[in-house]
Structure formats: C-alpha cells, structure tokens
Amino acid sequence: MTGRLLTREEDILNRWKKYFAELYNPTSAKYIKLNEPTDNESNTISTTEVTTAIQSLKSGKAAGVDEIRPEMLKSLKSGGVDWLTRICRVAWTT
Numbered sequence: 327m328t329g330r331l332l333t334r335e336e337d338i339l340n341r342w343k344k345y346f347a348e349l350y351n352p353t354s355a356k357y358i359k360l361n362e363p364t365d366n367e368s369n370t371i372s373t374t375e376v377t378t379a380i381q382s383l384k385s386g387k388a389a390g391v392d393e394i395r396p397e398m399l400k401s402l403k404s405g406g407v408d409w410l411t412r413i414c415r416v417a418w419t420t
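Per the numbering used here, the very first residue in the sequence shown carries number 327; after that it's consecutive.
The set of hints was computed from the structure by calculation and includes no laboratory data. We put the CB at the ideal spot given by N, CA and C, even for glycine. Errors might be hidden in some of the hints.
What the hints assert, rightly or not - The calculated DSSO-like cross-link candidates involving lysine-lysine, where the alpha carbons are at most 30 Å apart (straight line), are: (1) K384 to K400; (2) K384 to K403; (3) K400 to K387; (4) K403 to K387.
As the list claims (entries may be wrong) - Estimated spans, in silico, between C-beta atoms of each pair: (5) W409 to R330: 52 to 60 Å; (6) T419 to T378: 16 to 24 Å; (7) L339 to A417: 35 to 43 Å; (8) T420 to A347: 25 to 33 Å.
Please work from the sequences and hints to get the whole structure.
Right, dumping it as structure tokens:
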C-alpha cells in the first residue's frame, strides 16, 4: 500500500482482493499456533477451566447478545458451574 488513490476499477478490485487474502490467510508471526493435545492431555473442557475463565471476567461490563452479565456468571455456585461446563463441552465438540 503506497498511499496512492486508486481510481481504476481493476486496481480497486485487485486491492480489495489482496486485502482479504491477507486478512483471511495470515502469515504473520503474531498469530499463535495451537498445539494438538498429546495422549496425556484431555481434549475436553474442565470445570477448573470454566471457573478460571469466569473469575477472569471484568465486572461492570455490558451483557452480550445472550443478556448475561459477568456478575451473573461470577455468582454461580458449583452446580451452576457444572451446568455451564457441560454446555461448553457440547459447544466444543459439535
């Protein structure tokens, strides 16, 4: 990208093509490669992982489209965390 204004339709289309190719086919080192689980590791979500994720949520943030606020998740007791863990496992495996 040179800062030059593109006026020809072909140039504009080629620039958009290049932009989306770079966007959806990243080659930058800033992306983290995820390792596949080894035989020792489980490929499922644990209750501890869900609990840790809930504890890391910042309070006072707006609810998402599900209308669940961080404080609601933080107030879950063990039964609620178990229920949420089961939901996460289903979402992870489907």
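### Query
When you take the CB atoms of T420 and A347, is the distance between them in 25 to 33 Å?
30 Å, holds
### Task
Sort out whether K387 lies within 30 Å of K400, counting only the CA atoms.
12 Å, holds
### Task
Given the range 52 to 60 Å, decide if the beta-carbon distance of W409 to R330 lies inside it.
56 Å, holds
### Task
Starting from the range 16 to 24 Å, see whether the pair T419 and T378 falls in it by beta-carbon distance.
20 Å, holds
### Query
Is the Cα-Cα distance between K384 and K403 30 Å or less?
Satisfied, since the Cα-Cα distance of roughly 18 Å is no more than 30 Å.
### Query
Between K384 and K400, is the straight-line Cα distance small enough, at 30 Å or below?
10 Å, holds
### Query
Do the alpha carbons of K403 and K387 lie within 30 Å of each other, as the hint requires?
Between K403 and K387 the Cα gap is close to 21 Å, so the pair holds against 30 Å.
#### Entry: Pairwise beta carbon distance, L339 to A417, judged against the given window 35 to 43 Å
Between L339 and A417, where Cβ atoms are some 38 Å apart, the hint holds.
Every hint, counting from the list given before, is met by this structure.
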